[in-house]
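Asker: Taken in sequence, the protein lines are chains A and B. Position one of the first sequence corresponds to residue 299 (my numbering), numbered consecutively onward. Position one of the second sequence corresponds to residue 812 (my numbering), numbered consecutively onward.
Calculated from the structure, these hints are not laboratory results. It is possible that part of the hints are untrue.
[Unchecked claim] In silico contact screen, one side only, chain B against chain A (beta carbon under 8 Å); selected entries:
no. : residue
1   : Ala851
2   : Ala855
3   : Asn928
4   : Val929
5   : Val979
6   : His982
[Stated by the list, open to error] Here are the computed lysine-lysine pairs in the DSBU-like style, where the Cα-Cα straight-line distance is at most 35 Å:
no. : chain 1 : residue 1 : chain 2 : residue 2
7   : B       : Lys1288   : A       : Lys527
8   : A       : Lys462    : B       : Lys860
9   : A       : Lys415    : A       : Lys462
10  : A       : Lys527    : B       : Lys1245
A virtual CB, placed ideally from N, CA and C, is assigned to each residue, including glycine.
For reference, the chains in residue letters:
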Amino acid sequence: MAFSISWTRRRFVQTLSSLSALGGLSPVEVWASATGYGDREFLPPPRFGFVSSSEDTVHVFAIRRNGSWVRIQTVSSLSPASLALSPDQRFLYVANAVESFEHRPTGSVEAYAVDAKTGHLSLLNRQGLALSATVPRHLAISPNGRQLAVAVAGGAAYNLLPLKEDGSIGRVTASLKQVGRGFDHAAQPTASPHSVLFQGDATLLATDMGCDRVSSFSVAQDGSLALEKHQSTSPGSGPGVIIGHPGGKAFFCAGSLDPIISSFQYRKGQNGPSPAPQQFRLPTTAGGISSLAMHRSGQLLFAGSAEGIWIVRIGDSGSIEGASRQVERMDDITALAASGDGTHLVAGTLNGSLARFDIDGARGRILSSRELASVVHPTAIALKHDLSC
Amino acid sequence: MPTIVNRQDPRFEIAHRGHNLRFPSAEADGAGRVEYCETAEDAAEALQKVLDAGLRPTVRSSGHCYEDFVVNNPNGAILDVSMLNQVSSGPGGAPPYQVQPGAMLGNIYQEFYKRANVVLPGGTCFTVCAGGHISGGGYGILARLNGITVDWLSSVDILTVDANGRVVPRHVDKKHDPELFRALRGGQGSNFGLITNFTFDELPPAPSELMQAGISFDWSSMTPDKFVNILMTYGNYWEKHDQNKETWGLFGYMGLNNKSSGRFGISATFTNPDGTVKDLSVINDFLDCFQKCKPIAEAPPGYSSHAAPGRDRGAGMRPPPGDSVCYGGHVMTKNAWITAASDGSGNGIGGGSRAKYKSAYMKKAFTEAEALALYKMLTDDRSRGLIVAVDSYGGATNNPERASDTSIPQRSSVMKLQYQSYWQDASEDEFRLKGIRDTFTAAYSTPVADQAHLGTPYPNDHYEGCYMNYPDVDMTKYDDWRDLYYGTGELYPLLQRVKKTYDPHNIFHHTMSVRA
């Protein structure tokens, strides 16, 4: 099935759930459907911003027409490390990077309902992860909105949990323990799952910072997970953040210990991504990359590090063509999100700054910046767009 | 090659459960498969495959784990080593004596008796297997005479998982991986790896004879004063005679049941240090202590304080006609040691009941306040079905040297309590759990309890914490719960060090496992 550029978002979301019944989709097409974007119109500007903080809070901001952010709600949430909106953006999910939940040695995840008009959050439930799955770091939602995958750093595992019709989170259905260590035994003494990314509903990609590898897992309808393969990355790079190309041409992961961005490209006729990823080293000595965000066009990849924000140019095939540092040092970037309308980035820094960077997508440049708000050590940012437009 | 029983196998329904039918808590919490291992090589192969598949392994010997540590393993794999059940010795019964983790206690006693006339001073439940029992510091009726199982342990064979995720077989003793060896002397194999063998270079001689006696007390004529008198008499005896070696062959069990059961009792087993029962003065002196309490010397036919789990202890139990009287000489039963040791109790495959357990070590006799707290709860319907089992303890077990080379730090206690509640119907869960919890809390909220840790037998002058082979997840609600099991000294930091070294990926874990 080809995606018409004139499709509206409403039609796309309505047909999303039927995509899994279609056979014969190429990986690119599956990927495009998975992200919900594909070769489509850009989204309207975001209306609400959600920012998690190391202060055990999640802040809700209303985004005005002039782009300013107004804090409208603050909810308590233990050690929120990652945020993810459901594909229909009705629910927000939070990973609690804790070591104990209900007196058991495990982490937890939370589900919130998002009021469509006000953006306010209402807690639906908090669910424990599998035993020993302590300190979850990142979570992702499947395109059909039915599964929640969690990368668990402390307990070195990946957990899968079902999402119910009402948005609440069910009990863990799968936990895959990871073992091993990386090139640098001191910095990488054990496995340390970092990030997860759904590729369609049936495949989960994941990075392991401790083992220098990217893994793919099959996700079954019964909620089980099974390893498909591990793929090694550059030794000592500690692969961290992972993000998909909106056109489905590739996925990218960034080294959290070494500033290397890997592009895993899909080639026509090939089942799965290329086994030999393109490795691109950012010209910096400031350590690894903490965050990634993708421009709607798929032509620009933004990478946050201790030195600021880099813009990485992506070619038609998903290959990396070059990079330049666009934003000078502004303290460690701890969170990054790109707006669905392609106009700006939102970045959070260790010193509590939340800033907007306007983007010239055509030229691949950051035009201007302004301070949006103060949030103590932002850990994640999620932007809610109005999908009814 | 391990035999795999998965969800499609008709054996799975039983195979994925243990004896405590409360677990798995929900079907979604149950393991995805059970792998029966016949050899240590099977176990290593199974463990490596489970690791490579990213699944969580839990290890089972007999399935008697009191909590959900083995069977609550969502989609994971239970490695069952019950078929690693060999018991052996050197030629002609010479040491060393070896026990595999799946060997049942009853069989261990028989094998060692036949081969070498020695005894492993372990527990009384025939079908409990060595793996969890020994590595968790198992004890039994010879604890006062011979100490506990791990006091005699010389080496352990164990499969651990290294930093690269590979299974590594180890033979550990005082010279090879000594800290791991010490950890396995009571710190439980479930924290560190999969045990495939225990070795004892020496074991004490088996007694030849055992004298068993029992007395019971009628609830219908019980008063608070009488109850206090009985408990204080019992506790005072063990406190007074803890270091009196002449009494070390005596072991007492007091089973305190809810009033609805009709009566509660005390049983005693005795053997002289020479293994005979020629001199009965010790057991007679012990039983004589209770004459002023007017016990029933002979229980009515069919009565047993060890009634089958699930049975309502009140049904059909009537006190004898007339008042409780002392019948003069104590009624005792003499048995050959091996006959008594082979008297099976406990369940085999399948069966079981819903259950909850708690424990406490006591360094001193019951106080009046403690006894009254128990009286109040046991005469209340809230504790219906509850048994508070009070074992004598100490004697040879209270060797302070063993606190520094084993992982059982409790070496000053004179009594060891096990709170037990059994029932069949899940609809009773809330009632039964509340009953045992309320009773336990009441018992450890008297003036002798550590006031900063009320509701628990936190180590102090009077208590010495809890026993990890009677695990109780309720304790995790207390921040200092590890002090209860491991003491407040250097033991837990040592166990954490061992954990980090030998199980760096925390492969072997459960709700109460050691956290590196």
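Asker: Hints first: check each against the structure and report whether it holds.
Answerer: Now for the hints, and whether the structure bears them out:
1. Ala851: Violated. Min distance 21 Å.
2. Ala855: Violated. Min distance 15 Å.
3. Asn928: violated (44 Å)
4. Val929: Violated, because the Cβ-Cβ distance from valine 929 (chain B) to chain A comes to roughly 40 Å (cut-off 8 Å).
5. Val979: Since the shortest Cβ distance to chain A is 12 Å, the answer is violated.
6. His982: violated (23 Å)
7. B:Lys1288 - A:Lys527: It is violated: about 40 Å lies between the C-alpha atoms, which goes past 35 Å.
8. A:Lys462 - B:Lys860: Holds, at about 33 Å.
9. A:Lys415 - A:Lys462: holds (22 Å)
10. A:Lys527 - B:Lys1245: violated (48 Å)
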